[in-house]
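J.: Chain residues, written in single-letter form:
Protein chains: 2
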Amino acid sequence: MNDDLLFIDDDEEDVVEDLGTWKILIVDDEPEVHAITKLALNDFFLNGKTLEFISAYSGDEAKRCFREHDDIAVVLLDVVMESDDAGLLVAEYVRNELDNHFTRIILRTGQPGQAPEKDVIINYDINDYKSKTELTAQKLFTVIIAALRSYRDIIVIEESRAGLEKIIDASVDLFSSSSLEKFMQGIIQQLASILGCSKDAAYITTAVAATPDASPNPTNALDLNELYVFAGNGEYSDKEGVLLKDAVSPEEYELCKRAMRDREIVYAEDHVVAYCNSKTQNGALLYLSGLPRRIGENDKHLVRRFSNSVQLAFDNVLKTIDVESTQREIIERLGKAMEHDGQGSNHIARMSAMAEVMGCGIGMNENDVRLLKHAIPLHDVGNSRVPVTILRKTEPLTEDEIFAIRQHAEFGYQILKDSSRPTIQLAATLARQHHERWDGKGYPEGLQGQAILLQSRIATLLDVFDALINTRPYKTAWPLDKVEKVINEEKGRHFDPLLVDYLLNHIEKFMAIQHQHPDIPEYV
Amino acid sequence: MNDDLLFIDDDEEDVVEDLGTWKILIVDDEPEVHAITKLALNDFFLNGKTLEFISAYSGDEAKRCFREHDDIAVVLLDVVMESDDAGLLVAEYVRNELDNHFTRIILRTGQPGQAPEKDVIINYDINDYKSKTELTAQKLFTVIIAALRSYRDIIVIEESRAGLEKIIDASVDLFSSSSLEKFMQGIIQQLASILGCSKDAAYITTAVAATPDASPNPTNALDLNELYVFAGNGEYSDKEGVLLKDAVSPEEYELCKRAMRDREIVYAEDHVVAYCNSKTQNGALLYLSGLPRRIGENDKHLVRRFSNSVQLAFDNVLKTIDVESTQREIIERLGKAMEHDGQGSNHIARMSAMAEVMGCGIGMNENDVRLLKHAIPLHDVGNSRVPVTILRKTEPLTEDEIFAIRQHAEFGYQILKDSSRPTIQLAATLARQHHERWDGKGYPEGLQGQAILLQSRIATLLDVFDALINTRPYKTAWPLDKVEKVINEEKGRHFDPLLVDYLLNHIEKFMAIQHQHPDIPEYV
Numbered sequence: 001m002n003d004d005l006l007f008i009d010d011d012e013e014d015v016v017e018d019l020g021t022w023k024i025l026i027v028d029d030e031p032e033v034h035a036i037t038k039l040a041l042n043d044f045f046l047n048g049k050t051l052e053f054i055s056a057y058s059g060d061e062a063k064r065c066f067r068e069h070d071d072i073a074v075v076l077l078d079v080v081m082e083s084d085d086a087g088l089l090v091a092e093y094v095r096n097e098l099d100n101h102f103t104r105i106i107l108r109t110g111q112p113g114q115a116p117e118k119d120v121i122i123n124y125d126i127n128d129y130k131s132k133t134e135l136t137a138q139k140l141f142t143v144i145i146a147a148l149r150s151y152r153d154i155i156v157i158e159e160s161r162a163g164l165e166k167i168i169d170a171s172v173d174l175f176s177s178s179s180l181e182k183f184m185q186g187i188i189q190q191l192a193s194i195l196g197c198s199k200d201a202a203y204i205t206t207a208v209a210a211t212p213d214a215s216p217n218p219t220n221a222l223d224l225n226e227l228y229v230f231a232g233n234g235e236y237s238d239k240e241g242v243l244l245k246d247a248v249s250p251e252e253y254e255l256c257k258r259a260m261r262d263r264e265i266v267y268a269e270d271h272v273v274a275y276c277n278s279k280t281q282n283g284a285l286l287y288l289s290g291l292p293r294r295i296g297e298n299d300k301h302l303v304r305r306f307s308n309s310v311q312l313a314f315d316n317v318l319k320t321i322d323v324e325s326t327q328r329e330i331i332e333r334l335g336k337a338m339e340h341d342g343q344g345s346n347h348i349a350r351m352s353a354m355a356e357v358m359g360c361g362i363g364m365n366e367n368d369v370r371l372l373k374h375a376i377p378l379h380d381v382g383n384s385r386v387p388v389t390i391l392r393k394t395e396p397l398t399e400d401e402i403f404a405i406r407q408h409a410e411f412g413y414q415i416l417k418d419s420s421r422p423t424i425q426l427a428a429t430l431a432r433q434h435h436e437r438w439d440g441k442g443y444p445e446g447l448q449g450q451a452i453l454l455q456s457r458i459a460t461l462l463d464v465f466d467a468l469i470n471t472r473p474y475k476t477a478w479p480l481d482k483v484e485k486v487i488n489e490e491k492g493r494h495f496d497p498l499l500v501d502y503l504l505n506h507i508e509k510f511m512a513i514q515h516q517h518p519d520i521p522e523y524v
Numbered sequence: 001m002n003d004d005l006l007f008i009d010d011d012e013e014d015v016v017e018d019l020g021t022w023k024i025l026i027v028d029d030e031p032e033v034h035a036i037t038k039l040a041l042n043d044f045f046l047n048g049k050t051l052e053f054i055s056a057y058s059g060d061e062a063k064r065c066f067r068e069h070d071d072i073a074v075v076l077l078d079v080v081m082e083s084d085d086a087g088l089l090v091a092e093y094v095r096n097e098l099d100n101h102f103t104r105i106i107l108r109t110g111q112p113g114q115a116p117e118k119d120v121i122i123n124y125d126i127n128d129y130k131s132k133t134e135l136t137a138q139k140l141f142t143v144i145i146a147a148l149r150s151y152r153d154i155i156v157i158e159e160s161r162a163g164l165e166k167i168i169d170a171s172v173d174l175f176s177s178s179s180l181e182k183f184m185q186g187i188i189q190q191l192a193s194i195l196g197c198s199k200d201a202a203y204i205t206t207a208v209a210a211t212p213d214a215s216p217n218p219t220n221a222l223d224l225n226e227l228y229v230f231a232g233n234g235e236y237s238d239k240e241g242v243l244l245k246d247a248v249s250p251e252e253y254e255l256c257k258r259a260m261r262d263r264e265i266v267y268a269e270d271h272v273v274a275y276c277n278s279k280t281q282n283g284a285l286l287y288l289s290g291l292p293r294r295i296g297e298n299d300k301h302l303v304r305r306f307s308n309s310v311q312l313a314f315d316n317v318l319k320t321i322d323v324e325s326t327q328r329e330i331i332e333r334l335g336k337a338m339e340h341d342g343q344g345s346n347h348i349a350r351m352s353a354m355a356e357v358m359g360c361g362i363g364m365n366e367n368d369v370r371l372l373k374h375a376i377p378l379h380d381v382g383n384s385r386v387p388v389t390i391l392r393k394t395e396p397l398t399e400d401e402i403f404a405i406r407q408h409a410e411f412g413y414q415i416l417k418d419s420s421r422p423t424i425q426l427a428a429t430l431a432r433q434h435h436e437r438w439d440g441k442g443y444p445e446g447l448q449g450q451a452i453l454l455q456s457r458i459a460t461l462l463d464v465f466d467a468l469i470n471t472r473p474y475k476t477a478w479p480l481d482k483v484e485k486v487i488n489e490e491k492g493r494h495f496d497p498l499l500v501d502y503l504l505n506h507i508e509k510f511m512a513i514q515h516q517h518p519d520i521p522e523y524v
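Chains as they are written, first to last, in UniProt numbering: chain A, 1 to 524; chain B, 1 to 524.
Just so you know, the hints here were simulated from the structure itself, not pulled from any lab data. One or more of the hints may lead you astray.
Taking lysine to any residue and the SDA-like style, the derived pairs with C-alpha atoms no more than 25 Å apart in a straight line are [what the hints assert, rightly or not]: (1) A:Lys485 - A:Asn470; (2) B:Lys279 - A:Ile362; (3) A:Lys139 - B:Val80; (4) A:Lys393 - B:Ile405; (5) A:Lys417 - B:Ile321; (6) A:Lys491 - A:Glu508; (7) B:Lys441 - B:Leu391; (8) A:Lys23 - B:Val303; (9) A:Lys475 - A:Ile362; (10) A:Lys485 - A:Arg437; (11) A:Lys130 - B:Glu117; (12) B:Lys239 - B:Glu117; (13) B:Lys139 - A:His101; (14) B:Lys300 - B:Pro116; (15) A:Lys279 - B:Asp368; (16) A:Lys300 - B:Ala451; (17) A:Lys132 - B:Pro116; (18) B:Lys199 - B:Arg152.
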């Protein structure tokens with residue numbers, strides 16, 4: 001046995017890297033044991049980390065060490081010290097009081113035959129026990145290697161657990177930027193731990209700032225100034241939002257440049273920088289540090305997988321957000337055009353917001369409120385088939401013109417009817433019924449009271465309220481007290497009395513919406 | 001030391017559960033060693049699993065056992081058998097030939113002083129070595145416990161890795177049902193392994209079949225007949241799509257009922273059934289089996305997290321899909337109404353599909369094609385401000401009427417202009433330019449050649465082609481040869497010559513779209 005071999009690491013190379021230390025706590029009341037142990041384990045390292053020794057000479061001192069260090073990898077624990085079971089009390093304290101299930105415990109007993117009870121081994125999760133006569137360098141080496149590997153694996157599992165928790169949390173709402181961040185944090189945390197890297201990892205992208213609707217700019221493909229840390233773990237968790245060049249060292253920055261330029265995965269020294277493929281952006285980077293020198297094919301496969309997929313996921317989420325916003329704007333523009341309200345009108349925005357307040361206020365469930373909010377902007381699309389000249393007429397209407405205007409309810413229904421989508425079904429009904437009256441004197445069907453859908457009654461009331469309080473082509477804006485008076489007079493006649501009560505009792509909420517979305521002067 | 005204590009498990013209870021076995025391979029050329037080992041470890045169990053012994057009496061036999069079993073947890077490996085290093089050759093074979101890095105290897109040597117070289121311990125990832133004189137029950141117990149725990153942790157990490165790979169893969173396209181499945185598989189695989197459960201786990205839901213737009217039906221909240229296995233791991237990976245009641249035993253089905261009814265997490269015997277909270281559905285279930293009897297607070301926390309979040313994530317994805325489809329249908333209905341095309345016309349659908357074919361065909365990039373496809377349906381929204389009587393007129397138009405019709409290009413532009421969204425910006429340009437001509441004789445601006453946006457030139461050509469090949473209020477459908485002749489005559493006059501070439505050279509692609517989206521007879 002050659003003691004020089006003590007510092008062989010997993011990679012069969014004897015270069016010590018500076019990837020930190022494994023903390024080893026030596027607990028023994030004989031100072032000599034400390035000295036021998038340190039001597040035997042001098043120059044030891046595993047996975048690029050050396051050992052850092054902490055010494056305690058009694059059970060109490062050992063407990064203090066555990067309180068002060070939450071990252072002790074292995075404790076070599078004497079059993080008999082200030083009392084016959086002082087060591088066992090330390091083990092119990094670590095597992096049950098401190099709830100530390102990570103540190104590997106190796107018991108050392110004075111007498112070879114003095115084995116601990118099996119239930120001690122089981123319950124305190126003791127990794128091994130040795131008699132002090134087994135304190136040879138070789139034995140110690142073997143037991144520490146095995147214990148550190150166990151410790152390392154337990155930490156990987158804990159990191160995986162923490163990462164999984166983030167992924168689960170984030171999955172609730174991937175369409176918010178903060179959730180995307182958490183999702184990425186969870187994935188890189190798991191990735192780093194499973195690859196055996198340090199915790200210090202980052203995902204670097206431009207994606208969130210840019211809109212995926214825009215084409216990537218090929219002439220600008222290498223502008224690293226647009227890259228910043230989107231999600232970070234370990235050292236990089238404080239650097240989210242920081243520009244890449246300010247987050248890493250100049251040498252690392254060069255690696256990033258290279259990965260970006262060559263669109264490849266760069267394995268270098270103890271870290272990896274992986275270019276992440278993007279369809280619409282200029283790509284992103286995965287940065288992992290503390291990479292074990294010998295990275296396996298399995299691990300490389302996982303990095304490739306990440307590199308191929310993750311930015312595409314990102315792109316997709318951004319695209320989805322963008323598609324939804326674009327569609328919403330189109331609907332709003334077409335809706336306005338079809339109402340012939342003029343582009344400066346905010347009638348639709350106010351109707352949506354007021355419907356939400358009233359729906360919640362009268363106790364509709366969340367889903368019904370959502371449906372109403374999205375259906376109500378469409379109530380007047382039938383106006384598109386009524387000549388604008390009639391809609392904008394300021395003089396009294398002829399009977400033919402009144403007939404033509406009343407047609408808009410049926411036209412709207414025709415445009416929207418027979419859909420399988422609940423929002424559009426509701427919109428069709430609102431279009432048809434929003435000129436019905438509580439007393440049955442409305443049109444087109446003369447429905448009465450609860451024969452009119454609740455949502456339609458809401459639309460009717462809010463539509464009239466909004467028309468009265470604002471300027472229309474045929475009238476000026478009325479003062480609030482006059483509006484309240486008229487609405488109140490129509491309670492039980494034009495309008496559902498309960499809805500009138502809610503409106504008038506919470507008028508400040510509705511006026512707040514009026515002030516948030518005023519009409520703007522026509523620019524045409 | 002009391003041998004009765006040998007079968008104490010982690011839970012301080014001495015009931016053996018039937019959760020399977022740990023496979024232990026004993027390799028030794030002395031039959032007596034096999035007998036003593038089995039005797040010493042008789043009645044041992046850990047985490048509810050007993051030991052299953054496999055015996056090999058030579059190195060060659062040991063290698064065969066490893067080829068036949070890929071789930072050997074621990075091998076007790078004699079070093080000197082048919083040769084002095086037969087055992088070491090087995091270790092080398094396992095790690096390097098079979099690429100098995102999971103099985104824990106414990107070397108046993110005949111002589112106490114005969115320690116293996118340290119590089120052997122490192123390179124073959126040897127967990128421990130013992131002299132045969134250390135074959136006491138107590139020593140064996142300790143070393144097997146430690147080795148099994150290591151093995152268990154390594155397997156957890158492997159499962160986490162596999163789960164992470166699924167999560168990464170699935171994240172690319174969460175809006176497809178198959179990706180959602182894979183995402184869930186990845187999460188439950190990680191969850192099961194981290195909790196120390198067996199691989200057999202399932203996520204059970206109704207969500208995908210139903211549409212989230214619909215309100216949950218409270219009277220129907222307990223209809224378990226609608227629940228089926230959505231994503232499964234282990235035993236349940238073959239049961240995806242199977243009804244819950246056909247996938248589990250009657251006892252387990254009762255547990256599921258209880259969890260669903262009480263909307264809670266049920267911990268029972270060796271499995272857990274967790275109700276998963278949903279806003280819009282009736283909830284879902286997480287089913288994990290092979291649960292360790294003593295489940296920690298950390299683990300319960302993770303299950304609660306899953307239970308609170310995951311179905312909401314599901315709901316959100318479904319809602320997003322639904323919102324997008326609903327918005328698309330609204331845009332289509334309003335677009336048709338504004339074109340005054342009649343609800344039976346499929347002009348818009350054909351224009352979108354043809355624009356995609358032509359965009360790809362002439363080499364536009366993917367993003368530009370997508371924009372064009374979504375913008376082109378809006379090119380005629382300006383028609384909404386042109387009297388229908390004029391649009392539908394079958395007799396020749398007066399000059400005033402021609403002027404009125406030509407206004408629709410500018411009207412459309414007014415409706416769509418000044419948006420920050422690229423799709424709408426493009427649509428505004430298409431609305432304004434789709435009656436310009438290659439020779440400059442079009443309207444409203446009389447632009448010529450490449451001064452007209454490429455996308456507008458595409459819209460112009462496809463719009464005319466579609467009008468010619470189909471029936472319109474003012475004309476019957478023309479036969480293809482007549483259409484081709486006219487289009488060809490207008491090459492370089494009305495139309496961009498290159499686009500005409502593409503259309504006529506690939507006419508079968510465009511006719512296929514015509515056949516896929518025919519106009520349907522008006523129902524009004």
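J.: Does each hint hold? Answer for all of them.
T.: Structure-based check of all given hints:
Note on Lys485 of chain A and Asn470 of chain A: the hinted pairing holds, with a Cα-Cα distance of about 16 Å set against a maximum of 25 Å. Taking the CA atoms of Lys279 of chain B and Ile362 of chain A, the gap is near 20 Å; set against the 25 Å cutoff, the hint holds. Taking the CA atoms of Lys139 of chain A and Val80 of chain B, the gap is about 20 Å. The hint holds against a cut of 25 Å. A hinted pair counts as satisfied when its Cα atoms are at most 25 Å apart, and Lys393 of chain A with Ile405 of chain B qualifies at roughly 22 Å.
The hinted pair formed by Lys417 of chain A and Ile321 of chain B meets the criterion: a straight-line CA distance of about 21 Å does not exceed 25 Å. Of the supplied pair hints, the one linking Lys491 of chain A and Glu508 of chain A holds, its CA atoms being roughly 19 Å apart against a limit of 25 Å. Of the supplied pair hints, the one linking Lys441 of chain B and Leu391 of chain B holds, its CA atoms being roughly 22 Å apart against a limit of 25 Å. For the hint pairing Lys23 of chain A with Val303 of chain B, the CA-to-CA distance comes to about 32 Å; that exceeds 25 Å, so the pair is violated.
For the proposed pair Lys475 of chain A and Ile362 of chain A, the alpha carbon gap of about 31 Å is over 25 Å, so the pair is violated. With a CA separation close to 18 Å, the supplied pair Lys485 of chain A and Arg437 of chain A stays within the 25 Å bound. Taken as a hint, the Lys130 of chain A and Glu117 of chain B pair is honoured in the structure, with Cα atoms around 20 Å apart against an allowance of 25 Å. A distance of roughly 50 Å separates the Cα atoms of Lys239 of chain B and Glu117 of chain B; the hinted pair therefore is violated under the 25 Å criterion.
Taken as a hint, the Lys139 of chain B and His101 of chain A pair is honoured in the structure, with Cα atoms around 22 Å apart against an allowance of 25 Å. At roughly 44 Å between alpha-carbon atoms, Lys300 of chain B and Pro116 of chain B are farther apart than 25 Å, so this suggested pair is violated. At roughly 12 Å between alpha-carbon atoms, Lys279 of chain A and Asp368 of chain B fall within 25 Å of each other, so this suggested pair holds. Restraint check for Lys300 of chain A and Ala451 of chain B: the C-alpha separation of about 51 Å exceeds 25 Å, so the hint is violated.
Between the alpha carbons of Lys132 of chain A and Pro116 of chain B the distance comes to roughly 20 Å, so the proposed pair stays at or under 25 Å and holds. For the proposed pair Lys199 of chain B and Arg152 of chain B, the alpha carbon gap of about 13 Å is at most 25 Å, so the pair holds.
Violation of the numbered hints given earlier is confined to hints 8, 9, 12, 14, 16; the remaining hints are satisfied by the structure.
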